[in-house]
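Engineer: Let's have the full structure, built from the sequences with the hints guiding it.
Residue numbers (the numbering used here), protein chains in the order written: chain A, 3 to 117; chain P, 728 to 838.
Errors might be hidden in some of the hints.
What the hints assert, rightly or not - From chain A, some residues computed to sit far from chain P (all C-beta separations above 10 Å):
(1) Val14
(2) Gln43
(3) Leu45
(4) Arg66
(5) Gln86
What the hints assert, rightly or not - Cross-link-like lysine-lysine pairs, in silico, DSBU-like; alpha carbons within 30 Å at most:
(6) A/Lys59 x P/Lys769
(7) P/Lys769 x P/Lys837
(8) P/Lys769 x A/Lys13
(9) A/Lys13 x P/Lys772
(10) A/Lys17 x P/Lys837
(11) P/Lys772 x A/Lys59
(12) P/Lys806 x A/Lys59
(13) A/Lys19 x P/Lys769
(14) P/Lys825 x A/Lys59
(15) A/Lys13 x P/Lys825
Hints in this document: simulated from the structure, not taken from any laboratory. In this text, a Cβ means the ideal position worked out from N, Cα and C, and glycines have one as well.
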Amino acid sequence: GAGVSQSPSNKVTEKGKDVELRCDPISGHTALYWYRQSLGQGLEFLIYFQGNSAPDKSGLPSDRFSAERTGGSVSTLTIQRTQQEDSAVYLCASSSATGGLRTQYFGPGTRLLVL
Amino acid sequence: RKEVEQDPGPFNVPEGATVAFNCTYSNSASQSFFWYRQDCRKEPKLLMSVYSSGNEDGRFTAQLNRASQYISLLIRDSKLSDSATYLCVVNLNTGGFKTIFGAGTRLFVKA
Numbered sequence: 003g004a005g006v007s008q009s010p011s012n013k014v015t016e017k018g019k020d021v022e023l024r025c026d027p028i029s030g031h032t033a034l035y036w037y038r039q040s041l042g043q044g045l046e047f048l049i050y051f052q053g054n055s056a057p058d059k060s061g062l063p064s065d066r067f068s069a070e071r072t073g074g075s076v077s078t079l080t081i082q083r084t085q086q087e088d089s090a091v092y093l094c095a096s097s098s099a100t101g102g103l104r105t106q107y108f109g110p111g112t113r114l115l116v117l
Numbered sequence: 728r729k730e731v732e733q734d735p736g737p738f739n740v741p742e743g744a745t746v747a748f749n750c751t752y753s754n755s756a757s758q759s760f761f762w763y764r765q766d767c768r769k770e771p772k773l774l775m776s777v778y779s780s781g782n783e784d785g786r787f788t789a790q791l792n793r794a795s796q797y798i799s800l801l802i803r804d805s806k807l808s809d810s811a812t813y814l815c816v817v818n819l820n821t822g823g824f825k826t827i828f829g830a831g832t833r834l835f836v837k838a
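Structural biologist: Next comes the structure, spelled out in structure tokens:
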């Protein structure tokens, strides 16, 4: 079946511009996660959505970062007034959330470069 | 102290070797455990879940020691294609659900 998809796959922007990154989770998965990975570094948790519950935003690095999840499916991560240090790969993952192991499945990521 | 710790490596091994990675976690509320594999410039992909009784998938064996709070991954008969970064992952439920990724262990398998 279809996996997690993300768009765009690559984004180059100028410092100060806003960007929107999109994630389509696996159908039926109620949990959705955003992570950031800088070159050669580990995964940095950003935000977690679970069903209709309030999202866990504890990983968002600043108020320039926000995310929405509409209709319990597609999610958009928005970065306002981008800075060069925002350059990274932004990864989205989804999982089922009812019992089981809650294994996360990742999308291919969006590579963001802020010039 | 990090919540999930791994030796960053790199581990450089010849083809056919057996290699083992360990991972320690600090929170006793940890509920489920995984090993992921990440190839260069690719997303992490699930390698295997880790069960208390230990589990095996072909050349890969995972073990969990809850008393000592560590997880291991053993790779037998290493292949060139096993070269990747291996991430230890822990799910916690401490009133709220949380996933912690280790920083990863790099493996290079050489001919």
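Engineer: Which of the numbered hints are not met once you compare them with the structure shown?
Structural biologist: Numbers 2, 3, 10 and 12, in rising order.
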